[in-house]
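Novice: What follows is the residue order along each chain.
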Amino acid sequence: MSVLVNKNSKVIVQGFTGSEGTFHATQMIEYGTNVVGGVTPGKGGTTHLDKPVFNTVAQAVKEAGANVSIVFVPPAFAADAIMEAAEAGIALVVAITEGIPVKDMIMVKEYLRDKGTRLIGPNCPGIITAGECKVGIMPGFVFKPGKIGIVSKSGTLTYEAADQVVKAGMGISTAIGIGGDPIIGTTTKEAVELFMNDPGTEGIVMIGEIGGSLEAEAARWIKMNPRKPVVGFIAGQTAPPGRRMGHAGAIVGGADDTAAAKMKIMRECGILVCESPAVIGSTMAEALKSVKVN
Amino acid sequence: MNIHEYQGKSILKSFGVAIQEGIVAESPELAVKAAKELQQLTGTQWWVVKAQIHAGGRGKGGGVKLAKSLDEVKEKATDIIGMQLVTPQTGAQGKKVHKVLIAQDVYYPGASPTKEFYMSVLLNRQTGKNIIMYSTEGGMDIEAVAEKTPERIFKEEIDPKVGLQSFQSRKIAFNLGLSGEAFKQMIRFVTSLYKAYDSIDASLFEINPVLKTSDDKILAVDAKVNFDDNGLFRHPDYAALRDKSEEDPTEVEASEHDLNYVKLDGNVGCMVNGAGLAMATMDIIKLAGGEPANFLDVGGTANAARVEQAFRIILKDKNVKAILVNIFGGIVRCDRVAQGIVDAYNNIGAIPVPIIVRLQGTNAVEAKKIIDASGLKVSSAILLKEAADLVNEVLSK
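Top to bottom, those sequences are chains A and B.
Note that the working numbering gives residue 292 to position 292 of the first sequence, counting from 1, and the numbers run on in steps of one.
Note that the working numbering gives residue 28 to position 28 of the second sequence, counting from 1, and the numbers run on in steps of one.
Excised from the complex, chain A in its bound form (with noise of 0.2 Å):
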C-alpha cells in the first residue's frame, strides 16, 4: 500500500521534450514509472522516448487515459499547465518548477478551490512510491520499498531522511516533497493524514524548516489522531531572523515561525523531535521498536 501513487498510476509530462523534461522522464520510466506520454503544445502527433506527444492535457487524457501528471515548465507558464492539467480533470499535479511568482501561485491555489486535482509542489522534488512509482526527480535507488511515510519540504533532506530510514532496517512507503514556496497545493497536515490512513504506512518522518504554519498545524492534527508514531526535524535552527535561506518560503518572520516555536509545539503534540539531523532513522527505528512492544 501506499499514498497518491502507485503502479496502476499513468502519469504525463508537461514540458515533455525539453532538457529538463526528457533527462527526468527518463529516469523515471527506468525506475518502472507508468509514463503514457507527454504534453508540448505544437509537437502533437509526434513520439518522444517511444512515448506519444500531445497538444493538450485534455488530449492526454482522452487518448492515453491519463490521470497523474508532472509538469516541468518553466516559470513564466508553469502556472498555466498547472491550470490546464486541472481543466482536464487530472487528479494528481506535481510541480517540480522553481521560481514562479507567488501572483501565479494565488490565482492557481484559486482555481484549484473547486476542482478535484490535488497539487503538489511547486519547487519541490515530487512523490515517490518505492519500488512502484517516481513522479519527480529524486534518486529513485534511495527509496528501497518498506512502511515508514515521509513528508517533507526539502529536496535533498528527503533523500537524507530516506537514506537513514532504510540504513536504519526500514524503508519507505511513499515520500512526497511538499516544496519550500509560500504557496503550496498539498501541505504538511495533507500528508500526514494521508499517511495516517493508509494500511501501508506504519510510521511518519515529518520534515519541516523555518517560515510559515505548516508544521504546527499538522503537529496540532497529529495530537487529534495519534495512531502511528511520527518523527519530526525542523531545519534552519540557527538561521537568522529576516534572511531568506534559499527556499522562498524559509525566513523567520515573527516568534512563531522559528525552528526552536516549531519544535516546541511539536513536542508537545506527541512528535518525536530529533535535534540532530542525524538521527531521523534511529529514532524511527526506536519508535517502531516502543509501539511492537505496546
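Calculated from the structure, these hints are not laboratory results.
By construction, the Cβ of each residue, glycine as well, lies at the ideal position given by its N, Cα and C atoms.
Possibly wrong hints are sitting among the right ones.
Unchecked claim - Partial list, computed: chain A residues near chain B (C-beta under 8 Å):
| # | residue |
| --- | --- |
| 1 | Met107 |
| 2 | Glu110 |
| 3 | Ile183 |
| 4 | Met245 |
Claimed, not checked - Computed cross-link-like contacts, BS3-like style, restricted to lysine-lysine with a CA-CA straight-line distance of at most 30 Å:
| # | chain 1 | residue 1 | chain 2 | residue 2 |
| --- | --- | --- | --- | --- |
| 5 | A | Lys189 | B | Lys286 |
| 6 | B | Lys148 | A | Lys264 |
| 7 | A | Lys228 | B | Lys385 |
| 8 | B | Lys129 | B | Lys96 |
| 9 | B | Lys155 | A | Lys264 |
Said to hold, decoys possible - Every beta carbon over 10 Å from chain A, so not counted as near; a handful from chain B, in silico:
| # | residue |
| --- | --- |
| 10 | Lys13 |
| 11 | Gly59 |
| 12 | Gln84 |
| 13 | Lys115 |
| 14 | Phe154 |
| 15 | Ala240 |
| 16 | Gly276 |
| 17 | Lys368 |
Chain A is already provided as a structure; the job is to place chain B on it using the hints.
Specialist: Leaving out everything else, chain B in the frame of chain A:
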C-alpha cells in the same frame, strides 16, 4: 528584492498613492538645492533629512533629522551622508549612508490634530491570499503593538477572484476612526495602494506611518517596498532599482555564479546541495560545537567549477576555521563531486583551513576513496553523524 524609501514612494505615487513628497540628494550641496526645489513645489517651511539605506529603525540611529532652515538642511545632510548608520536592523557594524531624501514637513499645525496609522500589504501563507494589515497605532514597532495591544491590529483579506472591494476600503477607514474628508482620502489611499501591490509583483508593502495631516490628507510618510524575486522577470524597470551597494559584496558575487550564499557570523563554513539540507548542515555545525559561518546551496549541479567558486567565496570570510562539505549525490554522482573537490583544492592551492567532506548517495564509497587517496588535508565521511563528529574533532584541536 528590497529598494530604498525614495524609490518605493516614487512607485506608489505612480499608482496614485499620496506620499510625503521629497527629492533625493547625494551631497550636502545637492541637499540644499533639493530643499529649495521642494519648497517651490510644496510650500514646505521645514524639511526632513532622511538617510536612504535598506533597513528600518533609521530614526533611532540618528538617520532622520528635522531641519528648520536651509542652513540646517546642509548641516544635517553633512552629518548623515557618509555616516555608518546603526539601527536595530543593521547589526552592530551598521550601514554606510550614500544618499539622503529631503522630504517635506507633513506634521504642520492646522485645523485638526495629526494622527499616525500603520498599514501593510502581504501574503497570508495559510490561506494563499493577500491581506491588508492595519492599525490605529502608527509610527511604532508593529511587533510591539501585536504583543501589547493585539486588538488594535486589523486584517482584511482580499479575494483573488474579485480583488479589493469598496466595502473593504470603507471598513478600513471606519476602523481607523476617520470621518469626512480624511475618510474619503483613506479610501483612495487604500485602493491605490492595493492596486500598486497587485500590479508590481510585490512581496511586502509596509507603510509606517500612514499620516492623517492637520488638513485631513492621508499620506505615506515612509514606504518599505519589497518585490517577489520570482516575479521580477515581468518588471525589468523595477529589477534595475536593485542597489548592490546595500548588499553584502560576497553575496552579490555568489549570486553572479548562481550560488545561493548568505553570510553569517560563525567559524565553520559549509557547502551543501539543497536549501533544506544546507540549513540542516548549519544545525549540525552548531550541535558539534561550532557556529555556521554561512548558508551555501551549490544547487543540483555540483561540478568542479562550482565547487571551486564556492570554496573561494567561503574562504573570503576570515572567521572561517573549518569547512564542511555536505553533498547528497542523487543524480549527481559522488565520485565526480569528489574529483571536483580535489581539482578545486589543487587549483586554489594551500587552503589554510581543514576541510571535512561528507559525500553520500550515488557512488559514495568510490568518492571516499578518491578523497582519501588524494593526500590533501581533507577528512572524509559518509554518514552525517560521522561528519558531525569530525567537525567536533577539528574544533577541539
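Novice: When the structure is checked against the list of hints, which entries are broken? Sort them ascending.
Specialist: When the structure is compared with the hints, numbers 8 and 16 turn out to be violated.
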